[in-house]
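Novice: Spelled out from the first residue to the last, the chains are:
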Amino acid sequence: MSDGNGYYRDGMAQEAEPTGTSPLPREALAYADSLHNLARYLTGDATDAEDLVQETYARALQGAAQFRPGTNLKAWLFRILRNTFISLYRRQRKNPTVGGLDVVDQLANGSAEEGWFMNDIELDRLQRVVAEEIEAALLALAEDARTVILLDLEGLTETEVADVLGCPVGTVKSRLSRARAALRVRLKDYAR
Amino acid sequence: MECQEARPLLLDYQRGQLTPARHDEVRAHLERCARCAREEAAERALTNLVERNLPQYPAPLALKRRLAAHWPAPGVARHSWWSGWRRALAPAVALAAVLVAGVSLLDIERVIWRPSDAPGALVTEAVNDHLRLLQSEHPLEIESGGIHQVKPWFAGRLDFAPIVGFEGDADFPLRGGAVGYFLDRKAAVFVYSRRLHSVSLFVFRADGLPWPTRGLQRIGGVDASVKVARGFSVILWRSGELGYALVSDLGSRELVELASKF
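Chains as they are written, first to last, in the numbering used here: chain Y, -1 to 190; chain S, 109 to 370.
Hints were generated in silico from the structure; no laboratory data involved. Any given hint might turn out to be false.
Cβ-to-Cβ under 8 Å is the rule here; a few derived chain Y residues that face chain S [unchecked claim]: (1) S85; (2) Q125; (3) A134; (4) L137; (5) A140; (6) T155; (7) T157; (8) R182; (9) V183; (10) K186.
Computed from a prediction, not measured in an experiment: that's the story for all the values here. Virtual Cβ for every residue (Gly too), placed ideally from N, Cα, C.
All chains should be modelled from the sequences, with the hints used to inform the complete structure.
Specialist: If you want it as structure tokens, here you go:
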């Protein structure tokens, strides 16, 4: 309606098969564990996590035509999962604010660093934090911090993480470092 | 090498992702800087802790079996398995959800949402997104000072530039905008009002979506699909690479009047 150059009509005329014809490779199912793990940490709930994974595969199949063979299927699925989570669950999500990626970059400041810097005793205790504690600490982080830590743990490259988060590649490193700093702040509560 | 330079490199250093020369520089710095050495140890401890102790939640076997059993075979019409499965499960899942979590009607709607309804899925998504916006405590991320404030606000927040030809007028003033999601992609949301009614316009990348091809109606310069769903009027159209969904509880006639202004 606004571009007025006729491109729109061309687009409609070419629309033979709106949902595309290429099926998603069955290999996609191999990522169910990784997807479910991220879903579990995003939703914090077993039932919601299963729903989210199902919905992710449904949307992936529906949008299979958008997947470009040769690109990273795992990263593509992660992106769908995260976007699905944001569109379906964000409204009802609990609202953690601590450790969001918008916090001031403490490393850059230097001065704020002592607040969470660990001495040797704390370091020693950190090594004995138990599973429930690290899980709770991770769940307390903002969604973007949680996601970037989990994607890094999955072994995704910075380019792939950027793809999932829809952010510039150049910001992934600093996002990860801020997320890890936020996690350490949280863990410090346990490491006493 | 100074601390400020070494700190951001610690993770890459531990993972062996630096060039040999750079790696040696960091190591040399760590040998003479106790604070950075402790920081490096703490980062290493964090990595170990997360890798060893963070509980992992692999997909339950039942879920994997369901996904595999219903995976479409090559050449078979896609999604039919999915909708059948969902239709069968939907009432039970919805009931369980209500019993367990006391969720809202909107969640039930989400559970029984059927992606196989092709163009219908776009209408459903548009209505759901409009409802989410209405329910949100802060629906507008930018209050309107006019289209010339709202449009530039989206720069850097989206991977496309939303093209919107209507800047609001006395009948349909522009109230503001927000970044939202439409199915699997980001959307620019423009909110107009009409008397006490709210009108949402979602603008998003149009590729790969099941756009309606039948029963289109000429509005303004484009062929649009006008639908009514759950008491909401929805108008869908495409222009170039962008898709548009206009949603409101206004009647279709008034919404078509607005759509013709774009």
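Novice: Compare the structure with each hint and give your call.
Specialist: Do the hints match the structure? See the list:
Below 8 Å, beta-carbon pairs count as interface contacts, and S85(Y) has one with chain S at about 4 Å; its hint therefore holds. Annotation: Q125(Y) was flagged as interfacial toward chain S, and the flag holds, the nearest CB pair being 5 Å apart, inside 8 Å. For A134(Y), the interface hint is violated, the least distance from its beta-carbon to any beta-carbon of chain S being 10 Å, above 8 Å. Restraint check, L137(Y) versus chain S: the minimum CB separation of about 11 Å is more than 8 Å; hint violated.
The criterion of a C-beta within 8 Å of any C-beta in chain S is not met by A140(Y), whose closest approach is roughly 17 Å, and the hint is violated. At its closest, the beta carbon of T155(Y) sits 10 Å from a beta carbon of chain S; the interface hint therefore is violated under the 8 Å criterion. The beta carbon of T157(Y) is not positioned within 8 Å of any beta carbon in chain S (closest approach about 13 Å), and the interface hint is therefore violated. With a cut of 8 Å, the hint placing R182(Y) at the interface with chain S holds, because the nearest CB-to-CB distance is about 6 Å.
Taken as an interface hint, V183(Y) does not check out: its beta carbon lies about 11 Å from the nearest beta carbon of chain S, beyond 8 Å. The closest approach between the C-beta of K186(Y) and any C-beta of chain S is roughly 10 Å, which is over the 8 Å cut-off, so the hint fails.
The earlier numbered hints that this structure contradicts are 3, 4, 5, 6, 7, 9, 10.
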